[in-house]
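S.K.: Residues per chain, in single letters:
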Amino acid sequence: MAKTKKKMPGLNTTSTADISFMLLIFFLVTTMGLARRLPKPPEPDQEDATMDIKARNILYVRLNAAGQLWIQDEMNFGYADIRELRPRVKEFIKNEQNLSKLPEKHVKNIDLLGQCFVTDKHVVSVQTDRGTPYNIYFQVQNELVAAYNELRNELAKQKFGREFQYLKDEEKAAVRQYYPQNISEAEPKKYGGDK
Amino acid sequence: MPEMNTSSLPDLIFTILFFFMMVTTMREVTLKVKFTIPAGTELEKLEKKSVVSFIYVGPPTDNLRAQMGSSTRIQLNDRYAEAREVMDFIAAERQGMTNQAEQVISIKADQQTQMGYITDIKEVLRKSWALRINYSATKRN
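Taken in order, these protein sequences are the chains called A and B.
Residues 1 to 195 in my numbering are what the first sequence spells out, letter by letter.
Residues 1001 to 1141 in my numbering are what the second sequence spells out, letter by letter.
By construction, these hints were calculated from the structure, which means they are not laboratory data.
Derived DMTMM-like pairs (lysine to aspartate or glutamate); straight-line CA-CA distance at most 20 angstroms:
#, chain 1, residue 1, chain 2, residue 2
1, A, 40, B, 1123
2, B, 1108, B, 1123
3, A, 172, B, 1042
4, A, 90, A, 74
5, B, 1108, B, 1047
6, B, 1045, A, 169
7, A, 90, B, 1042
8, B, 1049, B, 1078
With the hints as extra help, turn the sequences into a complete structure.
M.R.: Shown next, in the form of structure tokens:
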């Protein structure tokens, strides 16, 4: 008599996949942020290396305690809006017309790219005041990284026909050599009241 | 056409889920500072959570304000700390890591924080050779 047991209908599990997907996505949520690299700690016997950089190779980006932005290179200087920063930095790093007041260019042999005219001696010097709001500083860093990313993307498209993020590792390395990120952060000034 | 048999799909997804649950380290710190992190466009994901240590910077949370005041504080693990204590914190965080060279410090700081605090932290990070940092932010367009 047990042989004639009714077959139980299976539990409808169609939505289990969706539920577990949601759980999965919950655990996959990643933290995001602007990645930067700090310079190595100074050696005790190290001389001040910034002394022998030519004036034309430096772009000063200064932020005062009120959060105002000052951009200065050999071409031009003055207070500026944050929206002007990205084009100024790009113009400075590229130095398309090889102007004498923008960073010097010299021939460099890069794998995959051959002989290139690069401004790899340029330095973007960011100086902050102790009172500068963090958000302003962050936005400036964001713009600087954006400027480099745009330049690298332009070069990647021109040379390899793809955006930088889709390049192979050795192609990325070549583009990085063409546009190295030289952002220097000086000790902040101590003036302007307590911290 | 017969429908594809998807009855094993939940099992597959569950397996992946368990995998991620195991590799993710849940933050068990209770926040003692409150902060609104800035928004940026050029962000990168923090891939390996196991090598990331967080430093929180901001004013004390509302319920602690009465005792602690409202000036900016640095939080390491579960307590308030001074910038110079970051060095010990880094060393302690490194203890359990197998690949210490990949250590990333993520700074979660309030937008209004004065740069002096951030710079102090950065100086100490430099001295402790924790050079890979990440300014935590949300995505904007």
